[in-house]
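Here the protein sequences come in this chain order: F and X.
Quick note on numbering: the first sequence equals residues 1 to 166 in this note's numbering.
Quick note on numbering: the second sequence equals residues 1 to 215 in this note's numbering.
For the record, the hints were derived by calculation from the structure and aren't laboratory data.
Positions of the beta carbon are idealized from the N, C-alpha and C atoms, including for glycine.
Each hint should be verified, as a subset may be incorrect.
[What the hints assert, rightly or not] Partial selection, computed: residues in chain X whose CB lies under 10 Å from chain F:
| no. | residue |
| --- | --- |
| 1 | L7 |
| 2 | S8 |
| 3 | N13 |
| 4 | E21 |
| 5 | T27 |
| 6 | V28 |
| 7 | R31 |
| 8 | R40 |
| 9 | V52 |
| 10 | A53 |
| 11 | I187 |
| 12 | D203 |
| 13 | A206 |
| 14 | Q207 |
| 15 | T214 |
| 16 | G215 |
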Amino acid sequence: MTFDEFLDTQLGSLTRYSRVLSGDRQSAHDLLADTLVAASKRWDKIGQLELPLAYVRRMLTNRHIDLTRRRRTIRWAHKPPADHQLPAVLDDTNAVHQRGFLDGLLRDLPAPQRAALVYRFYLGLSDEEIAKELGMKVGSVRSAISRGLATLRTRTTAQDIRTYLQ
Amino acid sequence: MNIDNELSDAMHNLASDSPAEAEVAATVRARINRRHTFRRTALATVAAVAAVAAIVTTASLLRSPAQPDQIQAASTPEILSSSAPVSVSAPPIQASSAPVTTPPTTTGNPAVTGTSARCYTTADIGRTDNHLAISFDVPAGPVALEICQQQWEEGTLSSTAPFIADSPAASGQSAPNLVACVLPADISDEGTEEVAVFPGSDDTCAQLNLPRYTG
Numbered sequence: 001m002t003f004d005e006f007l008d009t010q011l012g013s014l015t016r017y018s019r020v021l022s023g024d025r026q027s028a029h030d031l032l033a034d035t036l037v038a039a040s041k042r043w044d045k046i047g048q049l050e051l052p053l054a055y056v057r058r059m060l061t062n063r064h065i066d067l068t069r070r071r072r073t074i075r076w077a078h079k080p081p082a083d084h085q086l087p088a089v090l091d092d093t094n095a096v097h098q099r100g101f102l103d104g105l106l107r108d109l110p111a112p113q114r115a116a117l118v119y120r121f122y123l124g125l126s127d128e129e130i131a132k133e134l135g136m137k138v139g140s141v142r143s144a145i146s147r148g149l150a151t152l153r154t155r156t157t158a159q160d161i162r163t164y165l166q
Numbered sequence: 001m002n003i004d005n006e007l008s009d010a011m012h013n014l015a016s017d018s019p020a021e022a023e024v025a026a027t028v029r030a031r032i033n034r035r036h037t038f039r040r041t042a043l044a045t046v047a048a049v050a051a052v053a054a055i056v057t058t059a060s061l062l063r064s065p066a067q068p069d070q071i072q073a074a075s076t077p078e079i080l081s082s083s084a085p086v087s088v089s090a091p092p093i094q095a096s097s098a099p100v101t102t103p104p105t106t107t108g109n110p111a112v113t114g115t116s117a118r119c120y121t122t123a124d125i126g127r128t129d130n131h132l133a134i135s136f137d138v139p140a141g142p143v144a145l146e147i148c149q150q151q152w153e154e155g156t157l158s159s160t161a162p163f164i165a166d167s168p169a170a171s172g173q174s175a176p177n178l179v180a181c182v183l184p185a186d187i188s189d190e191g192t193e194e195v196a197v198f199p200g201s202d203d204t205c206a207q208l209n210l211p212r213y214t215g
């Protein structure tokens, strides 16, 4: 498969994956473009793989984790941050609210936990498949998902669930 | 409460807000083309320089085929003497560069208005793995020290490798003495002056050749 053929067939799924993983559209664009340019330099090898999509997705994930590790966003206020207790507002723009709410929740997770949750709940992969694709132990994947979910649960209320995640 | 069942749908909603594929493809192809163009230009330049050098060398050899005396004369004492002015001219170069290396003031209060700051784990601005870059929703200067202290106390930062923890577990540790300096625009991520908080004492900023942030 040539690099152009790969772009033509896989760019859509990678774009959506990058968006869910990175937290906003601009970051998704930059992250994916950087990853694909890097992949193009080694395409003579990547193109020979059985699953080049999985390889590039792993490149993208690792790049995101590396970037996130050194850059964090903190919503600062001189009182406890209230962004996780958003008021329940149901209106025509609920999808926008939902995206902002979930982005905010996921952004505060350590990058490996966020990646594991995205692999599980967006890509629908099993623990074993995630471990294989990310080169992790199955136990580490289970731990990352479990801890990520536990953090999300502590930061959401039943009202949030009804308002933003349904 | 149970968010597991809703998480998948919510993530697919996030995916629907993804950037346009055409834009990403255009960016990638433009960058790859730029790289190829640069490579072609570089190769062409190298080839042209090599060709010119070969022509000049050949021409000089053809022009003076048998003048061993001149060649020998030029190859020994004149080169030595011609190198003398180079060493003589060295001091003025050093003198002219002296103002550049003069330490900046450490008592000023630079107006840092950006919304990002760095929490360093060691007093070293040469490394890339020893600091956490943080973006705020408000100007970073007045709150950087406090936030960095919080990162130390939560166990996110450590003075030993790997310096930054993915999952802070050792909360309750005390932060070292911290001091806020100002990174110049050419070092900062934002392209503007940025507050950098280091473990250290009052003279740490001066030792790093950075102004102290006193805002």
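Q: Just pull the numbers of the violated hints for me, sorted ascending.
A: 8, 9, 10, 11, 12, 13, 14, 15 and 16
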